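Asker: So the protein sequences, as listed, match chains A and B. Our numbering numbers the first residue of the first sequence as 1 and each following residue consecutively. Our numbering numbers the first residue of the second sequence as 1001 and each following residue consecutively.
Please note that the accuracy of each hint is not assured.
[As the list claims (entries may be wrong)] To spell it out: a stretch of chain A is covered by chain B in this simulated footprint if at least three of its residues, at any positions, have a beta carbon under 8 angstroms from a beta carbon of chain B; those stretches are:
1) 93-107
2) 182-195
[As the list claims (entries may be wrong)] Calculated from the model, a selection of chain A residues having no Cβ within reach of chain B, i.e. all distances over 10 angstroms:
3) GLY25
4) PHE42
5) GLU47
6) THR49
7) THR71
8) THR72
9) CYS85
10) ARG136
11) HIS167
[To be verified] Which residues of chain B face chain A? A partial, calculated answer using Cβ under 7 angstroms:
12) PRO1048
13) ASN1052
14) ASP1054
15) GLN1076
16) ASN1080
17) PHE1086
18) HIS1088
19) SER1096
If you are wondering where the hints come from, they were derived from the structure by calculation, not from laboratory data. Because the structure is a prediction, the values reported are computed rather than measured. The beta-carbon is built from N, C-alpha and C at its ideal position, and this holds for glycine as well.
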Amino acid sequence: MSKLIDIYLRIYRALRRPSVHFSLGFLTIGGFVAGIIFWGAFNTALELTNTETFCISCHEMEDNVFQELKTTIHYSNRSGVRATCPDCHVPHEWTNKIARKMAATKELYGKFFGTINTREKFEAKRLDLAKHEWARFKANNSLECRNCHEFDNMDFTRQSPRAAKFHSSSLASGDKTCIDCHKGIAHKLPNMKGIKGL
Amino acid sequence: MLKRIVFSLALVLPMVIIAANTASADPDKLATLRGSALNKEVKAPPIPKVYNDDKRQVRSYPEQPPTIPHAINNYQIDLNTNRCMFCHSRKAVQESQAPAISITHYMDRDGQFRAAVSPRRYFCNQCHVGQTKVKDLVPNDFVDIDRILQEKTKK
């Protein structure tokens, strides 16, 4: 213990003392450049883990959820605009993104211990996983949907009568949020027994 | 000798019959819905528009399962869930204002009414189907019962 304190104190003293060997210019400019390199690398790594290629590099994602996404309108449609995994599953805003990334370290644990590494295990856990996402969407008012589907720009006259009715009432009043009715829009639903679909 | 003739005939005759049949059957005149020869690959017809106006349609006869007046793309009906029931179940209709499934859907094969949808009625689109804007593929001479009765009374 005393050894640890000793090391700590030595580092502390070294940091407090002015530099003996390096010029002020080297330290400030060098520090600035090192900062840019660090920040750039950090962001590059962050963006790298925020791609679909990265997501489906694990067979758990590629074989289950990605195959399901492929059959939906969010993957293939008339205009060719599509949503990739992180568009819906990672918040776009920085603070929330970092928070989600930190929470995602649990997924590393899951990968390491193989909690969903077979189809059967995945099916058994599907409800739990889905519930997490539903709760997240409910809590942030379906923010990731709204990143593309902006309520203010919705033209109700171009929607089907049923859609227009619900969007102009429940959604407009804030009574409901996207995920309340649109569960299973991009993936297959788990066993919904006892869960309200609407 | 006779044996040999019979044997050779038996060998050749089927070939002749097959050849004759192939020649006589004009692939362009086959009575099918395909609309083209079997051995030709044709362009798939465009996917027709589905009626999506939420207007209930007339039933041609009282027992007819009502048609679905909206799109049902990617609706999941399987062991896990039944998307139709999100709106059409007994409990959901107050909120959704969709027509509730009728009591017959709760009936099992012994005529008993159950608490939940009977398994034999679970798969909605076995009976209920959406409608598309296309020309009839085959002619249909169905006549409404009302018209039959009307014409009978006229006579």
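Asker: The structure should be examined with respect to each hint, and the outcome stated for every one.
Answerer: Verification of the supplied hints:
no. : hint    : result
1   : 93-107  : violated (count 0)
2   : 182-195 : holds (count 6)
3   : GLY25   : holds (63 angstroms)
4   : PHE42   : holds (39 angstroms)
5   : GLU47   : holds (31 angstroms)
6   : THR49   : holds (29 angstroms)
7   : THR71   : violated (7 angstroms)
8   : THR72   : violated (6 angstroms)
9   : CYS85   : holds (18 angstroms)
10  : ARG136  : holds (20 angstroms)
11  : HIS167  : holds (14 angstroms)
12  : PRO1048 : violated (15 angstroms)
13  : ASN1052 : holds (5 angstroms)
14  : ASP1054 : holds (5 angstroms)
15  : GLN1076 : holds (6 angstroms)
16  : ASN1080 : holds (5 angstroms)
17  : PHE1086 : holds (3 angstroms)
18  : HIS1088 : violated (10 angstroms)
19  : SER1096 : holds (6 angstroms)
The earlier numbered hints that this structure contradicts are 1, 7, 8, 12 and 18.
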